[in-house]
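Given the structure of chain P, go ahead and fit chain E onto it with the hints provided.
Going line by line, the protein sequences match chains P and E. Take 1089 as the starting number for the first sequence in my numbering and just add one per residue. Take 1089 as the starting number for the second sequence in my numbering and just add one per residue.
It is possible that some hints are incorrect.
It does not matter which identical chain is meant; a pair holds if it fits inside one copy or across any two.
[What the hints assert, rightly or not] Pairs of lysine to any residue residues, derived as SDA-like cross-links and limited to a Cα-Cα distance of at most 20 Å, are as follows:
{"hint": "1", "residue 1": "K1423", "residue 2": "A1238"}
{"hint": "2", "residue 1": "K1319", "residue 2": "G1246"}
{"hint": "3", "residue 1": "K1319", "residue 2": "S1435"}
{"hint": "4", "residue 1": "K1423", "residue 2": "A1175"}
{"hint": "5", "residue 1": "K1423", "residue 2": "G1275"}
{"hint": "6", "residue 1": "K1423", "residue 2": "A1239"}
{"hint": "7", "residue 1": "K1322", "residue 2": "P1406"}
{"hint": "8", "residue 1": "K1322", "residue 2": "I1380"}
{"hint": "9", "residue 1": "K1300", "residue 2": "R1386"}
{"hint": "10", "residue 1": "K1319", "residue 2": "L1415"}
{"hint": "11", "residue 1": "K1300", "residue 2": "D1402"}
{"hint": "12", "residue 1": "K1300", "residue 2": "P1277"}
{"hint": "13", "residue 1": "K1300", "residue 2": "L1116"}
{"hint": "14", "residue 1": "K1322", "residue 2": "D1402"}
{"hint": "15", "residue 1": "K1319", "residue 2": "D1374"}
{"hint": "16", "residue 1": "K1300", "residue 2": "E1178"}
{"hint": "17", "residue 1": "K1319", "residue 2": "E1178"}
{"hint": "18", "residue 1": "K1322", "residue 2": "P1305"}
{"hint": "19", "residue 1": "K1423", "residue 2": "L1240"}
{"hint": "20", "residue 1": "K1322", "residue 2": "R1206"}
{"hint": "21", "residue 1": "K1423", "residue 2": "E1224"}
{"hint": "22", "residue 1": "K1322", "residue 2": "V1401"}
{"hint": "23", "residue 1": "K1423", "residue 2": "A1335"}
{"hint": "24", "residue 1": "K1319", "residue 2": "S1160"}
{"hint": "25", "residue 1": "K1319", "residue 2": "A1354"}
{"hint": "26", "residue 1": "K1322", "residue 2": "P1277"}
{"hint": "27", "residue 1": "K1319", "residue 2": "P1379"}
I should point out that these hints are in silico values taken from the structure, not numbers from a laboratory.
Number of protein chains: 2
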Amino acid sequence: MTNDSIATVRWVGDALSGFLRLIDQTRLPTESVELDCRELSAVWEAIRSLRVRGAPAIGVAAAYGAVLGARSEGWLDVAAVRRALGAATEYLRTSRPTAVNLFWALDRMDAAAAEAHRDGASALERLLEEARRIDEEDRAMCRAIGRHGAALVAPGQGILTHCNAGGLATADYGTALAVIFAAFEQGTPLHVFADETRPLLQGARLTAWELKRRGIPVTLICDNMAAQVMKEGKVQMVIVGADRIAANGDTANKIGTYGVALLARAHGLPFYVAAPSSTFDRAIPDGAAIPIEQRDPREVTHGFGRQTAPEGVDVYNPAFDVTPAELIAGIITEKGVIRPVNAQTISEVLGSR
Amino acid sequence: MTNDSIATVRWVGDALSGFLRLIDQTRLPTESVELDCRELSAVWEAIRSLRVRGAPAIGVAAAYGAVLGARSEGWLDVAAVRRALGAATEYLRTSRPTAVNLFWALDRMDAAAAEAHRDGASALERLLEEARRIDEEDRAMCRAIGRHGAALVAPGQGILTHCNAGGLATADYGTALAVIFAAFEQGTPLHVFADETRPLLQGARLTAWELKRRGIPVTLICDNMAAQVMKEGKVQMVIVGADRIAANGDTANKIGTYGVALLARAHGLPFYVAAPSSTFDRAIPDGAAIPIEQRDPREVTHGFGRQTAPEGVDVYNPAFDVTPAELIAGIITEKGVIRPVNAQTISEVLGSR
Chain P
1089 MTNDSIATVR
1099 WVGDALSGFL
1109 RLIDQTRLPT
1119 ESVELDCREL
1129 SAVWEAIRSL
1139 RVRGAPAIGV
1149 AAAYGAVLGA
1159 RSEGWLDVAA
1169 VRRALGAATE
1179 YLRTSRPTAV
1189 NLFWALDRMD
1199 AAAAEAHRDG
1209 ASALERLLEE
1219 ARRIDEEDRA
1229 MCRAIGRHGA
1239 ALVAPGQGIL
1249 THCNAGGLAT
1259 ADYGTALAVI
1269 FAAFEQGTPL
1279 HVFADETRPL
1289 LQGARLTAWE
1299 LKRRGIPVTL
1309 ICDNMAAQVM
1319 KEGKVQMVIV
1329 GADRIAANGD
1339 TANKIGTYGV
1349 ALLARAHGLP
1359 FYVAAPSSTF
1369 DRAIPDGAAI
1379 PIEQRDPREV
1389 THGFGRQTAP
1399 EGVDVYNPAF
1409 DVTPAELIAG
1419 IITEKGVIRP
1429 VNAQTISEVL
1439 GSR
Chain E
1089 MTNDSIATVR
1099 WVGDALSGFL
1109 RLIDQTRLPT
1119 ESVELDCREL
1129 SAVWEAIRSL
1139 RVRGAPAIGV
1149 AAAYGAVLGA
1159 RSEGWLDVAA
1169 VRRALGAATE
1179 YLRTSRPTAV
1189 NLFWALDRMD
1199 AAAAEAHRDG
1209 ASALERLLEE
1219 ARRIDEEDRA
1229 MCRAIGRHGA
1239 ALVAPGQGIL
1249 THCNAGGLAT
1259 ADYGTALAVI
1269 FAAFEQGTPL
1279 HVFADETRPL
1289 LQGARLTAWE
1299 LKRRGIPVTL
1309 ICDNMAAQVM
1319 KEGKVQMVIV
1329 GADRIAANGD
1339 TANKIGTYGV
1349 ALLARAHGLP
1359 FYVAAPSSTF
1369 DRAIPDGAAI
1379 PIEQRDPREV
1389 THGFGRQTAP
1399 EGVDVYNPAF
1409 DVTPAELIAG
1419 IITEKGVIRP
1429 VNAQTISEVL
1439 GSR
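Here chain P stands alone, though its shape is the one from the complex (with noise of 0.2 Å):
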């Protein structure tokens, strides 16, 4: 970790009485607000309102959460410890539907919980270490993502990135930030444009706050200019998160990054997803079954704290679309760097399974 690291989500505590400390993203970048929870039902709560985000990041805090839960019940016994976990763990994976990162962490923390437990407290303590174990491989993840990433940019360029996939977005560092990050503590030359991500503003609010306490040129723009800028010869690649990827490499990720990968396209950009193994959800074999959440209209129709639209209008407000993976020049990965992008070399860098 560096100085720069960001406390996104942490545990503060002992398994029997600590608690789950999160910066709630809801707030930046006008005022800086950590949340404690110390109920499940705030973690849920917490991820459903995006307080927390981004694909990794819940995943973490889901684990942490799943944690709580677990010991709703007390830890006299460990089927006790087992019950309230399993309900929490079906009441955290309702809270949102696209991001893989989170039913993959939840898997992790069941798996955790059916193995042989001296007894309830021993059981929970089993369950936080789990969960620790998610916290500390997202952040090996993400730095692993920035070293492969880094190599990717050449000195100089202006790289377009969409939303927040930074450390906010991980557990510490981020995925397509961190090759930003990486690239930039090489001494690599580059500035960033950062798409505001309408309708909650993650790149107005998260990535240009997150780029210029680390000293990165950043110039932000609304996302509808991010076609000009290219034209302009302002940018010259454009990476991205993800929050879930299937078999063939479809991507899923916040709404906006599809036009954004045409875009690239049209202008003859190389557009980059950056993301853990953990966002990849191989049972499915491509785009069209991942789950796109669609979210309240008010979020598009009094986003500003007024409202700046009709009453009663009707609202189109998918928070996810699906890139498909013949606009992804390349998956950067802890693992390396999956190019071309299909099912094939996505077994080949990651493994079969």
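Then chain E, alone, in the frame of chain P:
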């Protein structure tokens, strides 16, 4: 005019004591407020601040504003009126750089001032008459655009539009929306998808409002959802307005239009521009010569009553972009549809200047 008409801009009273009344579009859709401009400076500010916006409406407002300016030294003699009018049109030309209707309307006011006049009062009356002509001609052009364009809309189509090219962008009835209004009035079922159009949300605030008040089905989306809506087959055509069209058909329009045109091409959808002949600037060969207004970063960072980006972040905020003629399936004018779009077909439909 129908009952659905919008009094976007109108002159109240006579030439010597009347004033310009306009809808303050920055207050829509939550407040319906009219602004009375009795001084030239108020008109300049209204155009600059987008209280009145849309290329044709800017032209009409500027013409009336020139009348206010022309009487600022009284009307003791023709020379005083001419002198004041000259200063007024020069000043109004500095309000916004891209929409050519502004310059076109002010050229007409200058020419009207240069005619022979009996005395100062009759010079002012002639100037008001010219402004009223520009106003009336714009209404007629919009209706004709609607008639020509309606034939392009097949029953049951989804139509995507960007920004606002409706009654609020013109003296009445609109350009891109005129096509939609006319098709709908003829009984053609259709559904509009309105890009919200960051940063100032003309699509959310104005287009959705205009369509709803006419009972036309409309769904509001964020700009970055356009690609997804196209991919899902929800729209079959795109229609937008224009701020300036070069001799070869390259078209400046609200930022984001160029991106939408590229996305339409990627999905095989026709992309139409609707604009009156007054929006053509045939003195410039192509879009490279169109000046693009850069606007205040605070429109992006503080757009809606609260700060949504880090303090002091660098922002790129071009108000317009240029869509190359080759991406445009046709330009719908009051004289007919220009298709394919090139210098020759433009001359054939509009005449050789």
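Would you list, in rising numerical order, the hints stated earlier that this structure does not obey? 3, 4, 5, 16, 17, 20, 24
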